[in-house]
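Undergrad: Going down the list, the protein sequences come from chains A and B.
All residue numbers for the first sequence refer to the numbering used here, where the first residue is 1 and numbers rise by one.
All residue numbers for the second sequence refer to the numbering used here, where the first residue is 1 and numbers rise by one.
These are computed hints drawn from the structure, not numbers from a lab.
Beta carbons: idealized from backbone N, C-alpha and C, even for Gly.
A hint or two may mislead.
As the list claims (entries may be wrong) - Covered stretches of chain B, as calculated for chain A (at least 3 residues, CB under 8 Å): (1) 35 to 45; (2) 124 to 133; (3) 199 to 210.
What the hints assert, rightly or not - These stretches of chain A come out as covered by chain B in the derived footprint (C-beta under 8 Å, 3 or more residues): (4) 88 to 102; (5) 114 to 123; (6) 126 to 137.
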Amino acid sequence: MVVPDVSPSADTSTVPASPSHGQAGTAMIEFHNVVKSYQGGQPAVENLNLGIDAGKITVFVGPSGCGKTTSLRMINRMVEPTSGTITVGGRNVSTIAAPALRRSMGYVMQSAGLLPHRTVMDNVTTVLRLNRVPRVKARARAAELLDTVGLSSAMGKRYPNQLSGGQQQRVGVARALAADPPVLLMDEPFSAVDPVVRAELQQELLRLQRDLAKTIVFVTHDIDEATLLGDKVAVFATGGRVAQYAAPEEILRAPVDDFVASFVGRDRGFRHLSFHAGTGVPVHPAPSVTLDDGVTTAAGWALAVDAGNRPLGWLAPGSSEPLLPGGSLFHAGDSLRNALDAALSSPSGLGVAVDDGGRVAGVVKAPEVLAAIDAARVSQHNPETQR
Amino acid sequence: MEWFLANVPQVLSLTGSHLVQAVVPLVLSVIIAIPLAQLARLNKGLGAFILSVGSLLYTIPSLALFVILPGILGTKILDFANIVVALTIYAVALLVRSTLDALNSVDDGVRQAATAMGYKPFQRFLAVDLPLSVPVLFAGLRVISVSNISLVTVGALLGIPSLGFFFTDGLQRNFPTEILVGIVGTLVLAMLMDVVLVLLQRLLTPWLRTRPTTTAEVAA
């Protein structure tokens, strides 16, 4: 979706839309020897040196108290560094007046941080109005943004307490995007919503980012979220030390030290499968039966499907009931992780593969998924086929 | 009742002066207490000082204050100004504390969000802190409004016109009906003021009238 720039020209000069000295892929935000210490305590950030790529999602991940949020907040001067410099688009942020700097960046926080006394519409137009964009123009832009984040413009009249947590977060994202800032700072934005909504919001963010290509700095303590969203992930250890800064596949495949390995967790081998397409897994014809037929008592496991060939559940060998709930589904185009999970979570041991319409395409078997994983591992270490 | 009906013009005129002497200090105290409370919030040492001065002022007996003030202000003993200034002092003394509580009741996350959006400090105070502190602020204001209405009657001892006149006059003439009219009038006035404040608060906090996850009501 094309999002036109409506921020007044006076303010676009604060942070250039792209780095003055290069194209996408070069650093938009840079930390140079940044230290943040509070009186009588361990330094929150010891000595941070980091370049954040323009137009990419960079995730700061780490345990509580590792300085990841402090580091994020130093970018828009919500926290001032004790020493060191931070540049955005080549400009030292300490030379830019804090309110102007903040208006030039989107900010999304945990629990959305919406102003409870303002309607959704007024929340979204906040930054535009601060930038003195005329009300009518700001409202038109806000209506467009509500649509972009998947909310009806009728929601504009509501107050934040009338929205669900997920809807509030969407409004938070719309508000951050309103002035079309090149940089988006996101401080654990999805950590207060339930897992189903969180997964939705994560996919929405990825979809938006494909269109908008903002420079996003995203803070989370959830390694799954980090590896899902990040083009690059910085794993923070206590004291604001960046233990590893790399693409998520690399962090899962080759953690640099014990800290990263333990933070990435026990399931990292399994998670790493997310980065391999499941196309190599053989799909076998499904032993499907329709309940309408009244057919049952097959010799082996039978997959019950509805008239539209969508899976309903499994019937144990030789039985017509009860219908056992199926496992996770392996959609066309999913990763090896989904394929393996489909097989392991199915009562029959056969993972149900479905096409884009949700119709049964066949079944996959765990041993064959493992074989495909082996094949993927071989190709990973063959430079010619490396992604 | 007959006495009341025969004296309606006097009752109304005294109610009018009573109202002026109670409402003007209320408005002035809001204007004075809000900046003081914000100062107290920003500077803890100054805050402690402001609050203790407030408590100290509140301990001065009202009659004494009414008598002293003309000397200090150079006003005549019967001027409304004495009552207005005295009640403003009491109201500010109470309201600084409620306003401080009110400002502290604003969620820090919301404050930070507003700052992160790019509000300048004073802009944020007017646009975010103040509106969100209205519910707690009005709780304090309602107490002060009632207390003002009752304190105004004390001025009658000096001859300053208010519904308190019916107390002193009724007592001198040993005429309980008149005293009763004074009491009922004062009570009705206090309740009416309270209703006005409640309505004003509802007007200022439209977001609190909405129930979660229902369609926004059309503002009446």
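Undergrad: What are the numbers of the hints that this structure violates, sorted from low to high?
TA: 1
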